[in-house]
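Q: Dock chain D against the given chain U, drawing on the hints supplied.
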Amino acid sequence: GAGVSQTPSNKVTEKGKYVELRCDPISGHTALYWYRQSLGQGPEFLIYFQGTGAADDSGLPNDRFFAVRPEGSVSTLKIQRTERGDSAVYLCASSSARGTETQYFGPGTRLLVL
Amino acid sequence: QKEVEQDPGPLSVPEGAIVSLNCTYSNSAFQYFMWYRQYSRKGPELLMYTYSSGNKEDGRFTAQVDKSSKYISLFIRDSQPSDSATYLCTNGGYQKVTFGTGTKLQVIP
Chain U
1 GAGVSQTPSN KVTEKGKYVE LRCDPISGHT ALYWYRQSLG QGPEFLIYFQ GTGAADDSGL
61 PNDRFFAVRP EGSVSTLKIQ RTERGDSAVY LCASSSARGT ETQYFGPGTR LLVL
Chain D
1 QKEVEQDPGP LSVPEGAIVS LNCTYSNSAF QYFMWYRQYS RKGPELLMYT YSSGNKEDGR
61 FTAQVDKSSK YISLFIRDSQ PSDSATYLCT NGGYQKVTFG TGTKLQVIP
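Sequence lines, in order, name chains U and D. 1 is the number of the first residue of the first sequence in the numbering used here; add one for each residue after it. 1 is the number of the first residue of the second sequence in the numbering used here; add one for each residue after it.
So here's chain U without its partners, still in its complex pose (with noise of 0.2 Å):
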């Protein structure tokens, strides 16, 4: 599988529950991109990971969302206390490099927040 995979494809849950979004970067990629898109809308940047650690969280909506990489390849976004406005499409990107090297995306979880 030389692509970006996500895990889960769909994910539903309850207002209130917590839940865990997987991605797995294309092997050997070092930047690791977290987005959300919501219907109708272009993915809007929420986290960018160089490695393990996060260069740029500035686009997680608040403290409810949390994202790790520990070993610098597979990335999991966390979300906390989930509110139904959390329902939207959640992206993972990886390129070789942060710049102007291209982000490959993955298909997406789809999470439906009731």
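Any given hint could be a false lead.
With a straight-line Cα cutoff of 25 Å, these simulated SDA-like cross-link-like pairs (lysine to any residue) come out [claimed, not checked]:
{"#": "1", "chain 1": "D", "residue 1": "Lys104", "chain 2": "D", "residue 2": "Asp66"}
{"#": "2", "chain 1": "D", "residue 1": "Lys42", "chain 2": "U", "residue 2": "Asp63"}
{"#": "3", "chain 1": "D", "residue 1": "Lys2", "chain 2": "U", "residue 2": "Thr52"}
{"#": "4", "chain 1": "D", "residue 1": "Lys96", "chain 2": "D", "residue 2": "Ala17"}
{"#": "5", "chain 1": "D", "residue 1": "Lys67", "chain 2": "D", "residue 2": "Leu47"}
{"#": "6", "chain 1": "D", "residue 1": "Lys42", "chain 2": "U", "residue 2": "Thr76"}
{"#": "7", "chain 1": "D", "residue 1": "Lys70", "chain 2": "D", "residue 2": "Ala29"}
{"#": "8", "chain 1": "D", "residue 1": "Lys96", "chain 2": "U", "residue 2": "Ser58"}
{"#": "9", "chain 1": "U", "residue 1": "Lys78", "chain 2": "U", "residue 2": "Gly51"}
{"#": "10", "chain 1": "D", "residue 1": "Lys2", "chain 2": "D", "residue 2": "Asp78"}
{"#": "11", "chain 1": "D", "residue 1": "Lys56", "chain 2": "U", "residue 2": "Thr102"}
{"#": "12", "chain 1": "D", "residue 1": "Lys104", "chain 2": "U", "residue 2": "Ser87"}
{"#": "13", "chain 1": "D", "residue 1": "Lys2", "chain 2": "U", "residue 2": "Gly85"}
{"#": "14", "chain 1": "D", "residue 1": "Lys96", "chain 2": "U", "residue 2": "Thr52"}
{"#": "15", "chain 1": "D", "residue 1": "Lys96", "chain 2": "U", "residue 2": "Val74"}
{"#": "16", "chain 1": "D", "residue 1": "Lys67", "chain 2": "U", "residue 2": "Phe45"}
{"#": "17", "chain 1": "D", "residue 1": "Lys42", "chain 2": "U", "residue 2": "Gly59"}
{"#": "18", "chain 1": "U", "residue 1": "Lys11", "chain 2": "D", "residue 2": "Ser40"}
{"#": "19", "chain 1": "D", "residue 1": "Lys104", "chain 2": "U", "residue 2": "Gly51"}
{"#": "20", "chain 1": "U", "residue 1": "Lys78", "chain 2": "U", "residue 2": "Ala88"}
{"#": "21", "chain 1": "U", "residue 1": "Lys78", "chain 2": "D", "residue 2": "Ala17"}
{"#": "22", "chain 1": "D", "residue 1": "Lys70", "chain 2": "U", "residue 2": "Thr76"}
{"#": "23", "chain 1": "U", "residue 1": "Lys78", "chain 2": "U", "residue 2": "Leu114"}
{"#": "24", "chain 1": "D", "residue 1": "Lys104", "chain 2": "D", "residue 2": "Ala17"}
{"#": "25", "chain 1": "U", "residue 1": "Lys17", "chain 2": "U", "residue 2": "Glu83"}
{"#": "26", "chain 1": "U", "residue 1": "Lys15", "chain 2": "U", "residue 2": "Gly40"}
{"#": "27", "chain 1": "D", "residue 1": "Lys2", "chain 2": "D", "residue 2": "Asp58"}
If you want the footprint, here are the derived chain U segments under chain D, 3+ residues with CB under 8 Å [to be verified]:
{"#": "28", "region": "39-45"}
{"#": "29", "region": "49-63"}
{"#": "30", "region": "106-112"}
Calculated directly from the structure, the hints in this document are not laboratory data. No residue lacks a Cβ here, since even glycine has one placed at the ideal position from N, Cα and C.
A: Okay, now just chain D, sitting in the frame of chain U:
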């Protein structure tokens, strides 16, 4: 005001038509622009990128940047039903990436 603005459409054209997709941006520091194509229930995929003003051509696709007016365009010649998708413009480079809302295109056979 978002830093990258895009008409959401939808845009419906007959097969074979020339399609023009447009975006505007407000941040003068942006120097690098990209067009992504997103099929339904898929992640975006890079279609074209440009670094400077002027045109860049790739097959049936031409990307154009006018920095004086902060205007970005994507032209599709001889449009095909397989071009039916949402087209997203964005800045690139070292600034935080900001996507437009996307324009949904339907090419009717």
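Q: Indicate, hint by hint, whether the structure satisfies it.
A: Taking the hints in turn, this is what the structure says about them:
no.: 1; hint: Lys104/D - Asp66/D; result: 23 Å, holds
no.: 2; hint: Lys42/D - Asp63/U; result: 28 Å, violated
no.: 3; hint: Lys2/D - Thr52/U; result: 30 Å, violated
no.: 4; hint: Lys96/D - Ala17/D; result: 34 Å, violated
no.: 5; hint: Lys67/D - Leu47/D; result: 20 Å, holds
no.: 6; hint: Lys42/D - Thr76/U; result: 20 Å, holds
no.: 7; hint: Lys70/D - Ala29/D; result: 11 Å, holds
no.: 8; hint: Lys96/D - Ser58/U; result: 9 Å, holds
no.: 9; hint: Lys78/U - Gly51/U; result: 18 Å, holds
no.: 10; hint: Lys2/D - Asp78/D; result: 32 Å, violated
no.: 11; hint: Lys56/D - Thr102/U; result: 17 Å, holds
no.: 12; hint: Lys104/D - Ser87/U; result: 21 Å, holds
no.: 13; hint: Lys2/D - Gly85/U; result: 20 Å, holds
no.: 14; hint: Lys96/D - Thr52/U; result: 19 Å, holds
no.: 15; hint: Lys96/D - Val74/U; result: 22 Å, holds
no.: 16; hint: Lys67/D - Phe45/U; result: 24 Å, holds
no.: 17; hint: Lys42/D - Gly59/U; result: 22 Å, holds
no.: 18; hint: Lys11/U - Ser40/D; result: 18 Å, holds
no.: 19; hint: Lys104/D - Gly51/U; result: 35 Å, violated
no.: 20; hint: Lys78/U - Ala88/U; result: 14 Å, holds
no.: 21; hint: Lys78/U - Ala17/D; result: 45 Å, violated
no.: 22; hint: Lys70/D - Thr76/U; result: 36 Å, violated
no.: 23; hint: Lys78/U - Leu114/U; result: 17 Å, holds
no.: 24; hint: Lys104/D - Ala17/D; result: 16 Å, holds
no.: 25; hint: Lys17/U - Glu83/U; result: 8 Å, holds
no.: 26; hint: Lys15/U - Gly40/U; result: 23 Å, holds
no.: 27; hint: Lys2/D - Asp58/D; result: 28 Å, violated
no.: 28; hint: 39-45; result: holds (count 6)
no.: 29; hint: 49-63; result: holds (count 3)
no.: 30; hint: 106-112; result: holds (count 3)
Checked against the numbered hints given earlier, this structure breaks hints 2, 3, 4, 10, 19, 21, 22 and 27; the rest are met.
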